[in-house]
Amino acid sequence: MGKGSVVPPLIHFAQLEKVLNHARANSLWPLTFGLACCAIEMMAAAGPKFDLDRFGAGAFRASPRQADVMIVAGTVSHKMAETVKRLYLQMPAPKWVIAMGNCAISGGPFNLDVNYSVVEGVEQIVPVDVYVPGCPPRPEALLEALLQLEAQICGTRRFPEPPPAMPKVA
Amino acid sequence: MNEISILRSLLTIVGVSVAIGLNAVFVVWLERKVAGHMQYRLGPTEVGPKGLLQTVADGLKLVSKQIIFPSAADKPIFALAPIICLVPVFVAILPVPFSDTLQGHELDIGLLLVIALGLLNTLGILMAGWGSDNKYALLGASRAIAQICAYKIPLLLCILPVIMLSGSFSLRGIVNAQDPVWYAVYQPVAFFIYIIAITMETNRSPFDFAEAESELVAGFHTEYSGMAFSLFFLAEYSYMFLASAIASILFLGGWHGPFLPGVVWMLLKIYFFLCLMMWFRWTFPRVRVDQMLNFGWKILLPFSLLNFLITAGVMAIL
Amino acid sequence: MFDSQENSTYQLEPVEDNQFVLNLGPQHPGTHGVLRVILHMDGEYILTADPVLGYGHRMQEKIAENMPYTQILPYMARMDYLAALSFNQAWVCVVEKMCGYEVPRRAEYIRVLTTELNRISSHYLWFGAFLLDLGAFTPFLHAFADREMILDLLEEVTGSRLTYCYFRFGGVSSDVDDSFLQGVQDFVEHMRSHLKTYHELVTGNVIFQMRTKDVGVILPFDTWGYGLSGPVLRGSGEKYDVRISEPYSIYPELDFEIPVERDGDCLARYMVRMREVEESLNIIQQTLDKMPDGPVRSKVPKIIKPPAGEACMAVETPRGELMIHVVSDGTKVPYRVRYRVPSFGNLSVFSRLAKGQLLADALAVLGSLDLVIPEVDR
Amino acid sequence: MNNYLKEIFNGLKSLVIGLKVTMTTMLTKSTTIEWPREAAPIPERFRGHIMLRKNEETGLSKCIACGSCVRACPSNCIQVKGAKPEGAKKKAPILFQLDFTKCSLCGLCVESCPVDAITFSRNYALAGPSSEPFATMNLLAGLASPFREESNEL
Amino acid sequence: MSFERFALDIYALSFGLLLIQLVIGAIMAVRAHSLVHCFLGLVMTLVSVAGLYYFLGSPLLAVMQIMIYVGAVCVAIAFGLSLTRKSGEEGTRKYGLAVLVPPFITCAMLGSVLLGLSEREWVGYPKKIDESPIGELLLGEYLLPFEVISILLTIAVIGAISVAIIKRD
Amino acid sequence: MTFIEETLEGLDISVEYPDSALTGIDAQAEVSVEQIRPLSRTLFYAGLFLESVSAIDLIADEIIEGVYLFNHYEQHVRLKITMKTDRTTPKFPTIGDIYPGAVWHEREAGEFFGIDFEGSKDKRNLLLPVETTFHPLRKDFKRPEQAGKIQ
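Protein chains in written order, with this note's numbering: chain Z, 5 to 174; chain C, 9 to 326; chain L, 734 to 1111; chain U, 33 to 186; chain F, 279 to 447; chain H, 79 to 229.
Quick caveat, the hints were computed from the structure, so don't treat them as lab data.
Ideal placement from N, C-alpha and C gives every residue a C-beta, glycine not left out.
Hints should not be assumed to be uniformly reliable.
Stated by the list, open to error - Calculated lysine to aspartate or glutamate pairs in the EDC-like style (CA-CA distance at most 16 Å, straight line):
| no. | chain 1 | residue 1 | chain 2 | residue 2 |
| --- | --- | --- | --- | --- |
| 1 | L | K946 | U | E39 |
| 2 | L | K1032 | U | E143 |
| 3 | H | K217 | L | E794 |
| 4 | H | K227 | Z | D117 |
| 5 | L | K972 | L | E990 |
| 6 | L | K946 | C | D298 |
| 7 | L | K929 | L | E1012 |
| 8 | H | K217 | Z | D117 |
| 9 | L | K972 | L | D996 |
| 10 | H | K199 | H | D175 |
| 11 | H | K199 | L | D783 |
| 12 | H | K201 | L | D783 |
| 13 | L | K1035 | U | E143 |
| 14 | H | K217 | H | D164 |
| 15 | L | K830 | H | D97 |
| 16 | Z | K89 | Z | E127 |
| 17 | C | K143 | L | D775 |
| 18 | C | K143 | L | E777 |
Stated by the list, open to error - If you want the footprint, here are the derived chain Z segments under chain U, 3+ residues with CB under 8 Å:
| no. | region |
| --- | --- |
| 19 | 54 to 62 |
| 20 | 134 to 147 |
| 21 | 159 to 167 |
Said to hold, decoys possible - Listed below are several chain L residues computed to face chain U (Cβ distance under 7 Å; list not exhaustive):
| no. | residue |
| --- | --- |
| 22 | E794 |
| 23 | G892 |
| 24 | S893 |
| 25 | T930 |
| 26 | G937 |
| 27 | N938 |
| 28 | V939 |
Starting from the given sequences, assemble the full structure and let the hints guide the process.
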C-alpha cells in the first residue's frame, strides 16, 4: 500500500493480496497532473521514445478518482498546495505518490532565502513513496521510479537494474 | 419448457458473460496496442507475453480499489448507473447469432430488441451524470442526451432498407437472406452511415462528447472509481462488440464465408468493425457538440432518408 | 497568509438562476498546467471567464534582485521551459548590452542555430498539446517523436534535454562539433519531407478545420490593447516580430520570412506556427551553411558589474516578445529586473475571447494561445 | 446543393488522407527504446549530478577546497570544508557534500573550478524511496558517484 | 416438486417482482422530491410494463414499449429536464380534497379490472399472440389515423425546438 | 519630426531620447500622476501597445517609481514613461479602462509593491494568494516566517 493509503483493504487474504499486489504494480495509472518543467519530461516519458505504456502505466487519467499514482512533477507553490492535497485525497486507496524533480522534493533551486511562494518539499503535503531527483530528471529516471514503486508494491524487482549510460556511437 | 431449456439458458448466461469479459480484455489490449503502433510506440509489452495480461492486471486492480461515494452524490442513482449501463448489453446479445448453431435465444424480433436495449445505455449515462453531483459529469450526461437525438434516427433509417430487403426482424433471417450477396453491396450508403452512427452510439471518438477528456475531465464517469468505473469501461467495450456484431449481421452477411467455420468469420467481421472504430479514434480530433448535431440532422438524416426512399421505390417497381 | 482556505474566499459574482459556475483547473487537462479559470456558464455557453493565475508563481523577479548576474542564468530556463534558449539569449544579450561585451561570430551563429531548433521543438509540443485539446491523441505523439530528435541534438551540445543553461556572457559554454552539425543537417532534411504528414494528418482534416475556423477571433482593436505578441498577434495580421523589428544577434544577416495570417482565428494561429517551423528550418539551414570558424567565447570578467543605468532587451521567443528590463545600481546584483513575458499578454485576452463561446471552443482558444503557465506566473 | 455535396466529398477525402497517415505509421517501426532492457545512448556532455575527479597520481581528489564552486552555485547546494594536511602544500577537502535536491544542473560550478576537479557524473536514472541520500551526497567517498559506479565511466 | 411446477414458480416469482418494481416506480414517479428521481421512477415503471408485456406473451409489444416509451418519450423528457431552468425542489405541497382523488381513481380502476377478470380463467402460461394483424391493421385500415398521429408528433417536436430556441434568445 | 514627437504633440511632456543601442529604450519621459491617463489615451489611439506596467522601489529616496513601457508594432519605438509616488501610500491612477491588458499588470504591481491603482475595478491579487498582505518586491521585504512550510 502507498504510504498514505488509510483505507484498509476490503478483504485480506495473503495469497490473494499477493496476486492483487502484482496486478496493482503492473497497472499504475498516473494522474494527468503537471506543475512545471518536469511535466514536460513526464509527457516525454509517455512519448514514443520511452513509452510508459509498456509497463501498463500509460493510461493517464484526468480524473483523480481513477488514478493510482500521483506524479508531482514540478514546483508546488503555496497557492497550489491546497489543490495538491485535495487531489491526493480524491484518489481512491491504494494510492502512491512520486515526487519528480528537485522542486517537488525540496523546493529545488527555489529553496532560497528570499523564498515566499514555493513549498519546500511536497512531502509536507502528501506522503511520498518514491523520490526522483534531477532538474528535470531524464524520462528514464521516471521509468526507474516507476519500476522501484513496482518493486515496493510486489516486494521483488522484476526488471533489470538501469543499464549504465552508453556513449553515442557515431 | 424443460430441463434442457433451463440448462440452455444458464449456459447462455454464462457463455455471454464470459464472451463479453474476454472480449473486453482482448479489445482493450488490442486498442492499446493499435494506439501504440499508430504513435510510433509499442503499447503494453511487459505484463504477460506481448502485454496480453495487461488488461487482466488493470481489471484486478480496479476491482480491488476503493470505491468513493461523493458526499453530495445521489447514492442509489450513483450506484445503479454503471449496472444500468452494462446489463442491457447482456440481454441484447442473446438474440445475436454467432454462427448457424451458436445463438443464445432465437427471437423473431431480435433486431428490434437490440435497438430498443441500445437506448438504455444513455439512461445509464444520464443517471451517472446526475447522480455524481459533479458539473462535468452533468454536462457529459446532457451531451449524451443531445447526442442520442442526432444518431438514432439515421441509424434506424439505415436499418429499415435492410429489413425491407430481407423481410424479417429476426437476425438469423437477415443473415440467411443475404446468402449470395451482402447488403453492404446493395446498400453502400446505409452501410456507411451505419458505421458513423454506431461510432456515435458507442460514444467513441470523434464523437466522445460524453467523456471528452480535454473538456470535461472524464465526463459522466468523472466521479467513478474502482469497480464502478471498470463497469463503465466494460459497458463501453461490450457496446462496441454488440454494435459491431449487429453491423456484420446487417451488412456483411453474418457468419457466412468460405473455408473457415462460421464463428471465425463472424468474429473476423466483428473485429474488422472494432479495428475500424479504433482507427477512427486514434486519427481524428473530436467534433464539437453542435457540429455533431448539425452533422446528424443535416447530412446523415437526409442521406439516409433518401437512401430509404430510393430503396423503397426500387423495391416497389421491381 | 498561508491559510489554506484561500479557495473559499473568492468573491464570485452572483450566479443567476439558470447559470452555474464551472471551475476549470488548476488541475484540468485543458489548461496546460496550473491555470485556473472560473467560468460562469449557461449550459454549454460561457458567459464570463476569469483566469486565476499564480499557481506556478516562482518569485523570478525577486530572485533576480538577489542574485549575481551569472547565477540568474539557470533560472531563466525554468521560466519558459519550452523555449529555455530564447530566455537564455535574452538574459545574456541584455547583460552584454549593458556591459558592452563582444560576442564571437561563431557563438552568435550557434546561438541562433540552437534557439531556432528550440523554437521548432516548442512549436511541436504546442502542436501536440493543441490537438490534444481538440481531442486528437495521435498528433501529440507524432510531434513528440520528432521533438525527441531535436532534444537529442540539443542534449548533445548543452547536456540537458529541457532546461538548457548553455549560453554564457560573451558566447556559449561549449563549442559544437561536426557530428552535431551533420545531425542538424539530417534533421532539417528529414523534417522538410516529414512536415507534409503533419498537414495530411491535421491541417487538411475537415474536423480540425471546422473546430478551428472562425473560432476565437481576435479583433484588430484587441491586439495592442492587450499587448499581444508572437504567433497570436501575427495570426491577426500584424507583422511584428522582434527578430525583424528590433534585430539582434545575426538575424539581419539571414534571409527569412515572417509568416502572417489575416483571420485572427485559431486556424490562423495554427498556420502561423506551422509556417514558422518551416521558416526556422530555413534559418537553421542558412546558419549551417554560413557557420564561421573561430572561438565561441570571449573573455569576460568573472564578476560582472554593469555600470549603473538601465537596459531593455527584447527577443522573439516561440510565444512572442520577451522583454527584459534591467536596472543596475553598479553592484554585482541587479537592482530591479522586470520580465515582460509574452504569454502574460496573450492570456489576458482569453476572457474577452471566451465570452459567449461554447466550452469546447473556449478550450480550443486556450490551446491556440500556446501558454506556458510558469512563464505567465514567473 | 452542389456546394453541399462538394463539401461532404472534400471532407471525406481529408478524413481518408488522415487515416492513411496513421496506417502508414502503424506499419513503420516504432521508435521506442525498451528501457531498461536496452539503453538509449546518453551524450558525452550529459549533466548528471556533479562529482569529483580523481588525481591519477595520488588517487585523491583534485579539489583544493578553494570554495569557488560554493560561491558560483546559485542555489547553495555545495558544502566544502578544507584543511591543510600536515606536510602538504595545498589545502585538501575534508568534506565535499552536495545537496542534489536543490541543484539545477546549470554547470556553473564545473566552469568555475580552477583546477578542473568537478565533473558531471553519468547517473541518469536516479530514484529512491527516500530523499535523504540525494540531499546529503558525500562526493569524497569513493571519489565517484555514491550511486552505481559503473555507470559513471564514459 | 416437479420441474414444471418449479419453472412455474420461477415464472410467477419474476412476474411478482416485476409488479413490485412497477408499483415502486410509480410511487417514485409521483412522490419523489427531485425531478430526476420522478423521471427515473417513470422509466422504471415503463420498463416494468414492457416486462409485463413480455410475460404476457407479446415480445413485440414489450420491445415497442421500450423503444417508444423508454427510448423516445423518456429521452424527450430528459431533454426537457436539461432545458428546464430550475432543477430539483418544487414549492411546498398543498394537500386538500385533491388528496382523495388518486385513491378514488385507483380503486375504481382496480375494481373494474377485477370485475372484468373475475369471469376469466386463470392460466399458467399466456398464449403466444400473433402480432402480424397489428401491422396489417396499422398500415391498412387505420393508415390515416396512424399517419396523423406521426404528423402530430413531428409538429410537437418542431414546436418544442422552437420554444427552446426562443427561450435561449 | 519623429513618430513619438508627432504623437505627443499637444501634451506638455518633455521627451528624452537615450541611446537605444545601449539601453534598448528609444524615448523616455517622466510625467506627473495626473498626466498618465490623458497620455495613455493618446498612446492607445496612436496604436502603441503596452509592454509592461511595473514599478521600482527606490528605497533610498523613499519613493516608488512606476515604469510604463510602450512599443509600437510598426514604428518599433520603445517609450518609457515613469511616475513617482511616495513610498508609504503609493497611488497611481489606473489605465486599465484605456488599455484592457493593463489590468493584469496593475494587479501584479499592486500586490508586489502595495501600489493602489485608483479607479481600477479589479484590485485582487493576481499571482499571490488573495489573503497575502506582504509586498515581496519592496526592498525591505523579509521572508515570512512560515514560508516554505505547511502546517
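Each hint tested on the structure:
1. L/K946 <-> U/E39: holds (15 Å)
2. L/K1032 <-> U/E143: Answer holds: L/K1032 to U/E143 is near 14 Å, not above 16 Å.
3. H/K217 <-> L/E794: Holds, because 12 Å separates the two Cα atoms, which is no more than 16 Å.
4. H/K227 <-> Z/D117: holds (13 Å)
5. L/K972 <-> L/E990: holds (10 Å)
6. L/K946 <-> C/D298: Given pair L/K946, C/D298 holds - Cα atoms ~15 Å apart, limit 16 Å.
7. L/K929 <-> L/E1012: holds (15 Å)
8. H/K217 <-> Z/D117: Holds, because 14 Å separates the two Cα atoms, which is no more than 16 Å.
9. L/K972 <-> L/D996: holds (13 Å)
10. H/K199 <-> H/D175: This hinted pair holds, its Cα atoms lying about 9 Å apart.
11. H/K199 <-> L/D783: holds (14 Å)
12. H/K201 <-> L/D783: The given pair, whose Cα atoms are some 14 Å apart, holds under the 16 Å limit.
13. L/K1035 <-> U/E143: holds (11 Å)
14. H/K217 <-> H/D164: holds (14 Å)
15. L/K830 <-> H/D97: holds (12 Å)
16. Z/K89 <-> Z/E127: Given pair Z/K89, Z/E127 holds - Cα atoms ~10 Å apart, limit 16 Å.
17. C/K143 <-> L/D775: holds (12 Å)
18. C/K143 <-> L/E777: Roughly 11 Å separates the two Cα atoms, so the pair holds.
19. 54 to 62: Held - the region 54 to 62 of chain Z has 3 residues with a Cβ nearer than 8 Å to chain U, which meets the minimum of three.
20. 134 to 147: Coverage by chain U holds for the region 134 to 147 of chain Z (12 residues, Cβ < 8 Å).
21. 159 to 167: Coverage by chain U holds for the region 159 to 167 of chain Z (5 residues, Cβ < 8 Å).
22. E794: Interface hint status for L/E794: violated (15 Å vs cutoff 7 Å).
23. G892: holds (4 Å)
24. S893: holds (6 Å)
25. T930: holds (5 Å)
26. G937: Result: holds, 4 Å to nearest chain U Cβ.
27. N938: Holds, about 5 Å.
28. V939: holds (4 Å)
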